[in-house]
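Residue numbers (the numbering used here), protein chains in the order written: chain A, -4 to 191; chain B, 1450 to 1554.
Incorrect hints may appear among the rest.
Result set (EDC-like, lysine to aspartate or glutamate): computed pairs, CA atoms no more than 20 Å apart in a straight line [what the hints assert, rightly or not]:
#1 B:K1528 / A:E167
#2 B:K1475 / B:E1506
#3 B:K1528 / A:E90
#4 A:K59 / A:E141
#5 B:K1528 / A:E171
#6 A:K47 / A:E141
#7 A:K47 / A:E127
What the hints contain is simulated information worked out from the structure, not anything from laboratory work.
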Amino acid sequence: MNEKGVYKPLTYFQLMEVSLRELLVEKGVLTQAQIEEAVEDMRRRTPERGAKVVARAWVDAQFKRRLLDDGPGACESLGIDVPKLRLVVVENTPEVHNAVVCTLCSCYPRMLLGIPPDWYKSRNYRSRMVREPRAVLAEFGLSIPETTQIRVHDSTADMRYMVLPMRPPGTEGWSEERLAAIVNRDAMIGVAVPRV
Amino acid sequence: MQPQFVTDYAAVAPRFQAGERVRVRKTAPLGHIRTPFYIRGHAGTIERLCGCFPNPEELAQMRDGLPAQPLYRVRFRQKDVWPDYRGSDTDVLEIEIFQHWLEKA
């Protein structure tokens, strides 16, 4: 504890983290620099990566086809490294709305969206999203017409899912950067849609 | 057409094709299981083969999980899974299920 000020005892999990980290370094399993690099790498992964992929798919039909067929390959072509075979991109259309959940834990496409929001890991979202998705989406302020199929993806094993939202009307002629700015994290989980 | 997956480890041959009807085995073994309880016993349709992956039930026991098991995305009709489901008849749920949890429906 290097900070000055009021002393607060470590919580159980903080103490476990410090103990494990110090042991790993002491025993030469990892170096302090490697740990810091891994933490920085996690911090660098933010939903802007996913937004960049979505914006490219909106302006480049060939890239979009590749993204839907081979998510990891398409991301790699944008300089984003995702593990082989493990990313599935699902496309929203006027007929189908996709949304992602992990009922068993909190599987999430971290390589494109960063750290998952707390609600994604909550028991409420995880148990209800597969059971009553329309009610859950309504709580997010999203009303999906009865004529649109809702396809919920329970991410239970080795795949990670990202939703490719529909490009909203009124964005004709926009640059990729401007388009990426309207694609937020929730739209790529499928609990929101990009709006202008 | 199913994609070909090359793995550098031993894998079980895939038994199911996209479009085939399958049922999730209704059983409750102990341990680390990646098949959600709520879907056991339900029938769905193979959407695609995702590839072959080391069996997580074995990995959790510190074993190598080989031969790897084919992993499928299986599509279920919401109204089949939840009889009182509120929403469109066409709403579906897609779940990744390992082959050893599936039988022909």
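Against the structure, the hints come out as follows:
1. Restraint check: the Cα-Cα separation between K1528 of chain B and E167 of chain A comes to about 39 Å, which exceeds 20 Å; the hinted pair is violated.
2. For the suggested pair K1475 of chain B and E1506 of chain B, the alpha carbons sit about 16 Å apart, so the restraint of at most 20 Å is met.
3. Restraint check for K1528 of chain B and E90 of chain A: satisfied, since their Cα atoms lie roughly 18 Å apart, inside the 20 Å limit.
4. Between the alpha carbons of K59 of chain A and E141 of chain A the distance comes to roughly 27 Å, so the proposed pair goes past 20 Å and is violated.
5. Using a Cα cut-off of 20 Å, the hinted pair K1528 of chain B and E171 of chain A is violated, with the two alpha carbons roughly 40 Å apart.
6. The suggested pairing of K47 of chain A with E141 of chain A is violated, with an alpha-carbon distance near 31 Å, which exceeds 20 Å.
7. For the proposed pair K47 of chain A and E127 of chain A, the alpha carbon gap of about 31 Å is over 20 Å, so the pair is violated.
Checked against the numbered hints given earlier, the structure breaks hints 1, 4, 5, 6, 7 and satisfies all the rest.
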